[in-house]
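Kindly generate the complete structure, drawing on both the sequences and the hints.
There are 2 protein chains.
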Amino acid sequence: MGRPRKHDLDDLLDAAEALLAESGHGALTVRAVADAVGGSTGSLYHAFRSRNELLGQMWLRAARRFLAVQREAVDVCLQRSPTHEGAVEATIAAASSYELLRRQHPTSAQLLMEYRRDALLDDGLPDELAAQLRTLEGELVELMRRLAVALWGRADRYTVDAVAVCVVDLPPGLLNGWRPRVSDPLDSLAAAVRGVLATTPPNRKPA
Amino acid sequence: MGRPRKHDLDDLLDAAEALLAESGHGALTVRAVADAVGGSTGSLYHAFRSRNELLGQMWLRAARRFLAVQREAVDVCLQRSPTHEGAVEATIAAASSYELLRRQHPTSAQLLMEYRRDALLDDGLPDELAAQLRTLEGELVELMRRLAVALWGRADRYTVDAVAVCVVDLPPGLLNGWRPRVSDPLDSLAAAVRGVLATTPPNRKPA
DNA sequence: ACTGTTATAGAACGAATGATCGGCTACGCT
DNA sequence: AGCGTAGCCGATCATTCGTTCTATAACAGT
Chain Z
191 MGRPRKHDLD DLLDAAEALL AESGHGALTV RAVADAVGGS TGSLYHAFRS
241 RNELLGQMWL RAARRFLAVQ REAVDVCLQR SPTHEGAVEA TIAAASSYEL
291 LRRQHPTSAQ LLMEYRRDAL LDDGLPDELA AQLRTLEGEL VELMRRLAVA
341 LWGRADRYTV DAVAVCVVDL PPGLLNGWRP RVSDPLDSLA AAVRGVLATT
391 PPNRKPA
Chain S
191 MGRPRKHDLD DLLDAAEALL AESGHGALTV RAVADAVGGS TGSLYHAFRS
241 RNELLGQMWL RAARRFLAVQ REAVDVCLQR SPTHEGAVEA TIAAASSYEL
291 LRRQHPTSAQ LLMEYRRDAL LDDGLPDELA AQLRTLEGEL VELMRRLAVA
341 LWGRADRYTV DAVAVCVVDL PPGLLNGWRP RVSDPLDSLA AAVRGVLATT
391 PPNRKPA
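Same order as they appear, the protein sequences are chains Z and S. Count along the first sequence starting at 1, add 190, and that's the number in our numbering. Count along the second sequence starting at 1, add 190, and that's the number in our numbering.
None of these hints come from the bench; they were simulated from the model. Ideal Cβ placement from N, Cα and C applies to all residues, glycine included. Be aware that a few hints might be false.
Unchecked claim - Listed below are several chain S residues computed to face chain Z (Cβ distance under 10 Å; list not exhaustive):
1. 197
2. 326
3. 344
4. 354
5. 366
6. 378
Rendered as structure tokens:
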């Protein structure tokens, strides 16, 4: 019962992502999002409690999309070849999955690569949203632990740290396209990942 | 002639950097900078034509500091050992020089690692400032060309691109300390640089 | 047709922003 | 001593922000 929605919630998040991707952080205002979908600020505040929650939902959706793509890429690689080299390729695939996401959801990929969560979101998100973000973060850690086990047979904080470097720290700098590249950024990323994996953990060499 | 300055221009830039580093992009307002040095907004607008020029000067100073540190690190390495391995270590030193800068000017280093120039500065900077930024960028390219020559004997767009990956793209993600690290980030960086350099250029292997 | 519920529209509000302006102060020079 | 210049101060401007508010529109159930 009640009046039907004029705009899907996803449309609002799409508009917000598009504004962020095309015009930058400063252009992402409540009014701009409302105008972009042909709505009003009032109805936007009926869909989201605050601007911060809108940004939080936007981030959560992008992160979910990313994790789904990354999970599948890792699964395929690990299943195809359960050797150490297979695990290395799985880690490269995990790092490269930003590029896969970009094909499906370009603005989501750009969002995740260009902005850190803390820089975009303020504190004090609604409890449920904060809980979902924590859950998702836990799932990402779990995926990294699986990679660590596949690589070195154990998932302690050293090995997981090395995987995190490859999967979290490396990709944004290498795949975000602000600098004109002549060679394929994915090649650079793969080389960097191999370099990091080859030197960790300290007392173990790849077979 | 004229009244002497109450606050050095560098003090204003220091205050701006400190605000940016400690409280983030949103806290860097004209009033906040003026308050931080115990001055007024009016006198700040006497020192800088606009907020944008203040940010531009801040960026320029940080970039100059960075290039100076990086230049010296590269020179020392290249001079000590003119072999290919020496050049590799020089490239690692260039990439690691964010860490050196952090010791001398912590907020400058954080500024350069955390914020992209285009994301912080608006267009339409004063001509002289824009020219100085271009000049500095040219000097950075020149330094990268020197590294490319030391590494592979030539500085074409492929080799310079590879050096740029190591020196420009890799360090911010690996050295910016938002994620708690257990192993030394500099080790990860060195490993990543070695990985990238080992796979470029396509038809050349390290001696 | 009436009622209840939900969504929308858009004006309005207070706070904060970048920028401007006129009056004032402290110095060097003659 | 008096003047010109450069710098400082702080009230003030118009604008824009996130948010709130009230009235209205569109549905479902009876």
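Margin query: Using the nearest Cβ pair, does residue 344 (chain S) come within less than 10 Å of chain Z?
Written below: violated (14 Å)
Next item on the list: Against chain Z, run the beta carbon of residue 366 (chain S) and see if the smallest gap drops under 10 Å.
Entry: With a closest approach of 8 Å, the residue 366 (chain S) hint holds.
Notebook entry, point to check: Taking the closest Cβ pair, is residue 378 (chain S) under 10 Å from chain Z?
Noted result: holds (5 Å)
Item checked: Given hint residue 326 (chain S) near chain Z, where the shortest CB pair must fall under 10 Å -> violated (16 Å)
Next item on the list: Grab the minimum C-beta distance from residue 354 (chain S) to chain Z and call the hint holds if it beats 10 Å, violated otherwise.
Entry: holds (7 Å)
Note to self: Given residue 197 (chain S) as an interface hint, is its Cβ closer than 10 Å to any Cβ of chain Z?
What the structure shows: Violated: closest Cβ of chain Z sits about 28 Å from residue 197 (chain S), beyond 10 Å.
In this structure, the earlier hints numbered 1, 2 and 3 are contradicted, and the remaining ones agree with it.
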